[in-house]
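Sequences listed follow chains Y and X, in order. Counting with UniProt numbering, you get residues 1 to 189 for the letters of the first sequence. Counting with UniProt numbering, you get residues 1 to 189 for the letters of the second sequence.
Careful: at least some of the hints might be erroneous.
Under 10 Å between C-beta atoms, here's a sample of chain Y residues computed to sit facing chain X [what the hints assert, rightly or not]: (1) 98; (2) 114; (3) 144; (4) 183.
Here are a few chain Y residues that sit away from chain X, every Cβ distance over 10 Å (derived from the structure) [unchecked claim]: (5) 36; (6) 88; (7) 89; (8) 91; (9) 94; (10) 99; (11) 125; (12) 155.
None of these hints come from the bench; they were simulated from the model. Beta carbons: idealized from backbone N, C-alpha and C, even for Gly.
Number of protein chains: 2
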Amino acid sequence: MMKDGSSVEDGQSPKADAPDHKVNRGLSIADLVMRAFAALGTLASGVTMGTTNQTLPFFTQFMQFSRATYNDLPTFTFFVIANGIVCAYLVLSLLLSIFHVIRSAAVITRVVLIVFDTVMMALLMAGASAAAAIVYLAHKGNTKVNWFAICQQYDSFCGRISGSLVGSYFATIGLIMLIILSAVAISRS
Amino acid sequence: MMKDGSSVEDGQSPKADAPDHKVNRGLSIADLVMRAFAALGTLASGVTMGTTNQTLPFFTQFMQFSRATYNDLPTFTFFVIANGIVCAYLVLSLLLSIFHVIRSAAVITRVVLIVFDTVMMALLMAGASAAAAIVYLAHKGNTKVNWFAICQQYDSFCGRISGSLVGSYFATIGLIMLIILSAVAISRS
Chain Y
1 MMKDGSSVED
11 GQSPKADAPD
21 HKVNRGLSIA
31 DLVMRAFAAL
41 GTLASGVTMG
51 TTNQTLPFFT
61 QFMQFSRATY
71 NDLPTFTFFV
81 IANGIVCAYL
91 VLSLLLSIFH
101 VIRSAAVITR
111 VVLIVFDTVM
121 MALLMAGASA
131 AAAIVYLAHK
141 GNTKVNWFAI
151 CQQYDSFCGR
161 ISGSLVGSYF
171 ATIGLIMLII
181 LSAVAISRS
Chain X
1 MMKDGSSVED
11 GQSPKADAPD
21 HKVNRGLSIA
31 DLVMRAFAAL
41 GTLASGVTMG
51 TTNQTLPFFT
61 QFMQFSRATY
71 NDLPTFTFFV
81 IANGIVCAYL
91 VLSLLLSIFH
101 VIRSAAVITR
111 VVLIVFDTVM
121 MALLMAGASA
131 AAAIVYLAHK
141 GNTKVNWFAI
151 CQQYDSFCGR
161 ISGSLVGSYF
171 ATIGLIMLII
181 LSAVAISRS
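One chain only, chain Y, in its complex shape (with noise of 0.2 Å):
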């Protein structure tokens, strides 16, 4: 199933597994803290966009609602779900990554890790871009293809949902640097 990195204990091979135990450890400590930053940062996304909604208190002449809420659009029902999903996972893979702090010369759970870390990578990618793209075009519209930038109106909702961003990028990012650890502690194994 895995290398066991307690070799050492065992007295089979202690030539050179000694310092890489040690970095290993330190990998699966920082795997450890970046996942549980990575899921605040997902959380702290979903919960802000899945509560944004603004009531006007009047009819304007361009919009025909005059309260605005996230799941007026679908992008951002979906953004929603996918840092839900990936929010999940997050917690969940937790487990995997206190027991490589235990085991920390395990191979086949950090491959297991990577391939569910990229998936998820791109699950929350797909979501951030995709509202970041209806985010901009709220913000800016587009006057070629007449459609109306909505935050002139809508500028609390705006605000909040353009904050809901920053911590599914963060997250990203995370989720990039605990695939980049988790190959260099595999290649260290």
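Following the hints, complete the assembly by docking chain X onto the known chain Y.
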């Protein structure tokens, strides 16, 4: 720099290296082929989007322009740039991939590939998903915020921009597979 895969020929430790060596060479060839296909995918996407335009013979009620090109929407410009960067990277990385077919036990260079593959996958996914969000809006529109479905007018334009997403998403899946392949190859070295 790297663990040398030619140790079998050197006669240093022929015990279990031979099968690993063969499997890793197989993984390297799979990497090379998939990388070439991913490069073609990004090339096709970038060129399709970058050459898309449609001129309408009349001004319609909702449109103030009669010619639609991809760079009317900044998101599509980002999509073309992202595809271009990733395509150039994938072509360059073919050299390293060929090197891995020859020296199939290389470790450090595979870690380097994982780092760049991950960053490029994130970039490509960002471009593809942002473009997908806008394409979705162009097709469906959004009655809540009065963003009209421009595809009712620009049908051939919309057909091409939708099609151009396919190559990008295939390349993204290809890059995910490449990251996994590299991780497996490193774990076997």
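> If you check each hint against the structure, which ones fail?
Replying inline: Structure breaks hints 1, 11.
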